[in-house]
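Build the full structure now, drawing on both the sequences and the hints.
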Amino acid sequence: MNRKWLATPYLIWMVVFIVVPLVMIFYYAFTVKDANGTRFALDHLMKSFDSKYMVALGKSFLYAFIATVICLILAYPLALILVKRNKGGAAMLFIFILPMWMNFLLRTYAWLSLLETNNGLLNTVLRALHLPVLDIIGTPKAIVLGMVYNFLPFMVLPIYNALAKIDNSIMEAAYDLGANDFKRLLKVTIPLSMPGVMSGITMVFMPAVTSFVIPNLLGSGKVNLIGNIIEQQFLLTYDWGFGAALSIILMIIILISMAIMQRSDEDMEGGAGLW
Amino acid sequence: MVKKGIERLYLGLIMLFLYAPILTLIVFSFNDSKSRAKWGGFTLKWYKNMLNDPMISKSLYYTLLIALLASVIATIIGTLAAIGIHVMKKKTKSVILNVTYLPVLNADIVTGIAFMLFFVAIGLKLGFTSMLIAHITFNIPYVILSILPKLSSLNKYTYEAALDLGAYPMQAIWKVIIPEIMPNIITGFLLAFTLSLDDFVISYFTTGGGVTNLSITIYTMTRRGIKPEINAVSTVLFLSILILLLIINKRTDRNTKKLGGINI
Amino acid sequence: MKKIVLLLTVLIFVFTGCANNAGNDPNKPLAGTTIYVYNWGDYIAEDTIELFTKETGIKVIYETFDSNETMYAKYKSGAVNYDVMIPSDYMIEKLIAEDELLPLNFDNIPNYKYIDSTFKNLPYDPDNTYSVPYFWGTLGILYNTKMVDEEVDSWDILWDSKYKGKIIMMDSVRDSFAVALKRLGYSLNSADKAQVDEAVASLIEQGPLVQAYVMDQVKDKMIGEEGALAVIYSGEAVYTSEYNENLAYAVPKEGTNFFVDAMVIPKTSKNKEAAEAFINFMNDPQIAFNNTNYVGYSTPHTEAKAMLDEEIRNNPAAYPPQEIVDKCEVFVDLGPEMTAYYNDKWNELKASLR
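Chains as they are written, first to last, in our numbering: chain A, 1 to 275; chain B, 1 to 264; chain C, 1 to 354.
By construction, these hints were calculated from the structure, which means they are not laboratory data. Some hints here could point you the wrong way.
[To be verified] Covered, in the sense of this in silico footprint (three residues per stretch, anywhere, with C-beta under 8 Å from a C-beta of chain A), are these stretches of chain C: (1) 217–230; (2) 257–269; (3) 296–310; (4) 347–353.
Keep in mind it's a predicted model, so treat the numbers as computed, not measured. All C-beta atoms in this analysis are idealised placements derived from N, C-alpha and C, irrespective of residue type, glycine included.
Shown next as structure tokens:
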């Protein structure tokens, strides 16, 4: 029996529940309903290229990118430390995942209570210590913080898994061959953990780009990101065609950026394997 | 020595960062004031109220039920899928993976509406089933994402050795591959469970008939302000899961020692 | 794995605790039927549904939404057969225009007599065929008397650079444009692109002074004294003054929006009579009082209002005098083209902030 047939139940599921709805999105994006009936048209697509939407798209990618990089910088050392400490159990890991079981909206509201300029806990403390106040609610900084906070566990988990599985004997071999700690990190650990890093980036960057709750709450509604605009099309303007077109542009850009990243992981043995 | 100290400090800081909002919420669940901007004194009334509120207990019930069912089913389908996909040719693999990650890529709202349109088109009344299907669909990619990297780093020959030694393929898979990827399966399951627990947009558009979850209930309170009972419910949920995991962890530790060190 | 499943299942049952509470009263004519009610979140007294089922034997499946638009999207998809919905004025108008509502049989809603005549024959339902008002309010300025020591009587104050960084606007297209349009002396239902452009330009000009564009966050921000001035619904203003006595509410002299949320029966309803029974029940004086008392929004029900605390009844924020009400306009549906135009301009505004 060839193992690949194991995937059959999933493939059926995939076609019905992923492909078909997707086809419907394309349908909405590329058709226009008017007095003459429904016809194939590129109107929605053309509208997306207007500057205000492109600016929102650009900002979304920028903030998501920054948030992803910060997540990576924070998560990698964290994962290294956790792996070193806990070869036998995962209580530590759970502790870092646990916050995600508190409702996301509530946690974001909680940041408001912490960071608000006048009444926020953090600033009240800073003021008492005569330190400068952190006025970031309503700015992109708060949005990036919100993204990092929300998606950090998604970065830690796959990197941790990848690191935990690195065979100790490889590490010892490197040591025997004369590599010091730093060289070992650079030449052995990091490359071997790449599949995990790729997974992490995937699970952080993509949802971050389309978030709309975080900009609404932490950005005080002043920063309009692509997620907000898409939401508007479906709920406010009822221009589903345009919303669908924007989503497709988003998807394509992300797929291309993932493809570029995959080039660095050439033999595709590692990983997520997009393209 | 210094290194250990720095490590501990780092861990501590990250933990502080992650838990600050949670602690804030827990503290506010005892706030005798409906507004988060004012401290009105300590009270347990929100905890009492929450048990009497039918909307909240119903939301909680469905939240847990759907999250559990969806993550279990997604884990089963996803694990089988990952094993199967892993041995496919590069081209097929690539196409399938790209399609798989589409629900991850898409804005929640697009996925949610796409599902809604789809269900209406096939005549499925929105309710428990439609919401479950939607949750399973967006959970599976995360399960696959957790397992696939590990499959790449497995020793290819152990499986073949098992076959050579006379095992049936299913036996070989069950006894050789699954134990090795078990940590990743569990990670995938946990990820799926977490995502389902917290989902709002997709659930909103794929449910109906009175089936609601905690996130939907919370979000629909946003025009009027979030009831403090929600803080109480979330705190209880959070602490229960914490305790649950600690218990499981204790038992896993025991098992780990027995089985000789399978990490989670 | 098995253990996780087992323990979590136990958790579920521990938390459920809600046994099925069937209101068993077989002598009620409509007993045993089920209706689907779709309302704003947290917009009904906590025991109303239970009392209704107890009295009539009709079971209620209750769902909530957070905005008219989300409600509309869900309703239009045909996914659930709602019996009663409680949208806002302009949304009701849209539904009527699209032929989505059933005319009400007022023989089944005798309690309609308690509705104040000010709330009858409104533009969105001129002959009172399809709706029964539930709550109403105005859009106005909430301000902190400690931080604002001048008189607040005009929308202009929100453009005063003295309050830079302390002004909070509403994250809602219609409401924010209403403020800008009214300030310029135009109708808040303007379909004149030049007027809309002017309004948007003034909002872009105001941009640097604005601290935030928010919805429900406005309450906590004002209570916490993060802001000095905010655009807010009267019902929310009443709530905030309970928590911070420095807060006061004013309706500007240029006039403002007057909104009404009302109960309607969509054509998907399978139990029109049961739906009408629900609407009638909601207008029972005691129930109407319970609702307005819990929710805090102003009621159009004369008896319920009479039962309120004098302090609330005479609170000009909650129950403004007639001269003010006369200056107010109800939102009307702008139609798809103008709605798209408003939304495009809104995105332009948002893109210009910060």
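Do three or more residues from the region 347–353 of chain C put their C-beta atoms closer than 8 Å to C-beta atoms of chain A? holds (count 5)
Under a C-beta cut-off of less than 8 Å, do 3 or more residues of the region 257–269 of chain C approach chain A closely enough to confirm the stated coverage? Violated: only 0 residues of the region 257–269 of chain C have a Cβ under 8 Å from chain A.
Count residues of the region 296–310 of chain C with a Cβ under 8 Å from any Cβ of chain A, then say if the count reaches three. With 0 residues in contact (Cβ-Cβ under 8 Å with chain A), the coverage given for the region 296–310 of chain C is violated.
Cut-off 8 Å, C-beta pairs, minimum 3 residues; does the coverage of the region 217–230 of chain C by chain A stand? Our answer is that it holds, as 6 residues pass the Cβ test (under 8 Å) against chain A, meeting three.
Of the numbered hints given earlier, the model fails hints 2 and 3; all others are met.
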